[in-house]
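Two chains, two frames, some hints: make the complex.
Listed in order, the protein sequences are those of chains A and B.
Numbering of the first sequence is given in our numbering, commencing with residue 1 and proceeding in unit increments.
Numbering of the second sequence is given in our numbering, commencing with residue 1001 and proceeding in unit increments.
Fair warning: there could be bad hints in the mix.
Said to hold, decoys possible - With the Cβ distance kept under 8 angstroms, some of the chain B side facing chain A (calculated, not the full set):
id, residue
1, Arg1019
2, Thr1055
3, Arg1064
Worth flagging that the hints you see were computed from the coordinates, not collected in a lab.
None of the values given here were measured: they were computed from a predicted structure.
A virtual CB, placed ideally from N, CA and C, is assigned to each residue, including glycine.
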Amino acid sequence: MTTPEHNLERQLRQLPDAPLPEHLWQRVNGARVRMRRRRAAGVVATAVAVAALALLPTFHARHASDPSSPEPWPVASAPAPVVDVETELRALDRALQAGYARGASDAELEALWAQRRRLISDNEKPQQARLPGSLRI
Amino acid sequence: MPGPIDDRDDETRLVRRARKGHETAFAELYKRHARAVHTLALRLTGNPAAAEDITQEAFLKMLRFLNGLRDDAPLRPWLKRVAANAAIDRLRSERRLSALEDDDARAGDGPDPQLHAESLGLLRRLTPLERTVIWLHSMEGWSHPELGKRFGRSESWSKSIVSRGLSRLRAELERQDTDDDT
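Chain B on its own, in the form it takes in the complex (with noise of 0.2 angstroms):
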């Protein structure tokens, strides 16, 4: 990976020179916020290779997506926006909501846990559904009747996905803890 930029470069003028094709800029924003995005990814999707695609895709939406991406506004942010609505997509489309709604959707569904056991940790014990919407109004600030709209459902079911799911996690927790007293 190319070095470092001066420390003075801003944002903006880092994103403006990567859209005008300066890889050290792009590098450079990388270097910044690859992590944190990709770790929103996996942490979201449970998968190491949706995570990449994610984190790619949004990296490369910084260049060519005008709209919403405002001078002034922080990047991070932006990106980590752009990287949820992709999973958030995903999720959908792999019909796990509905597979949720039939039950068929288990705690720990995912690729092999040992791949990612230390990022996701406590999260794996949630369905990829109550993981995508606990981790997003809990950890990012996602309101209720933002996450409803964006899953084509209502306020009070992204309440009820997120009390549900963290009763559960509460319970596992307690009984952990209980386990490790003996």
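Chain A with its partners taken away, still in its complex shape (with noise of 0.2 angstroms):
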């Protein structure tokens, strides 16, 4: 038996495909185009970024042995590491952010997540032993 619901749902479903603009095709190829072009763009900057990080250490261990730069400025031990973990931490982010934005292979993005994870994994345990019992997790 045909009940209007089913002659309905049946009108719908025969509805005929629209024909597809012919021009899309150069339009979407084209939007392809220009996203790898900016992606392209976007492993450079990652690129620079990775290496500026890369380098972070080794600045600071030149800087911190050079017995011709100046006095180290007078702060307290324990806060100074939690400032270029922070740095590095955003300069990890940014390179992320890039990662992705240009699409970034799932190894690639791995590798930079498993470098976050560790800093703070690293940066978490004198953290806690810094901190009065009642505020350790």
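Printed below as a string of structure tokens:
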């Protein structure tokens, strides 16, 4: 038996597909090409960010051991690494953001995430040790 | 458009190659799915320009968006879901929802019917909101809770939209049948 509902559904299902505009392929492919160019520019930005990140510890080590360098600023010993970690975290986040924007490979993104996790994990141990007992997680 | 690719190329490989920049792989995926995605976008929006925008965005998302597009999942449902979500976002941003509540949105709102009368046909008798909700529920299998959530409304809201729209469509079809008989 054909109910009005079935009849209506059948009519909806039988609606013909809309013809695909001929110019649409050129438009979509053009957008794809432009997106790839932007991603290529992102690769350069990421490479610069990662290189800067890699050089950061070396720079700090040299700077600290250079006898001709001026006296270090009189800051407490504990907070200083926190500032460095935050800088590195921000650089990693920028690298991740750029990676996602340009569609980086899973392996590349995972390496950045692993580096980020390691950084946080390394930083958490002394941080927690410094916290009063009531604040430790 | 570039020529076809060997049939043995499965979609997972095609997507991977397209993401690496192979134009032929991208062209093949476009050839397979663009019409379905464009038709859905046109049915939901009733607007040829919006349908083209949505089709383009769905295919670009396929290239850059990893989350939600698993290797083993069929591509077409994913593309259609992206297109449907984009159409809903447009509908909501155009404030047609509130217009409907004010009873301002009428069936047939949209561009010149001559442009796409053949493809939209029956659906032009519905308001934009009814058209979107009814099509997604009846033809694409979206559930009422899902539709309610996606529109920021309730499950019963979705049921009410579908029920009201279908009643009107049925009445119009019956009236049309009667007119044809006389």
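Results for each hint:
With 8 angstroms as the threshold, the beta carbon of Arg1019(B) comes within range of chain A, its nearest partner Cβ sitting at about 6 angstroms, so the hint holds. Checking Thr1055(B) against chain A: minimum C-beta separation of about 6 angstroms stays under 8 angstroms; hint holds. A cut of 8 angstroms between beta carbons decides the hint on Arg1064(B): the least distance to chain A is about 4 angstroms, and the hint holds.
Comparing the model with each earlier hint shows no violations; every hint is respected.
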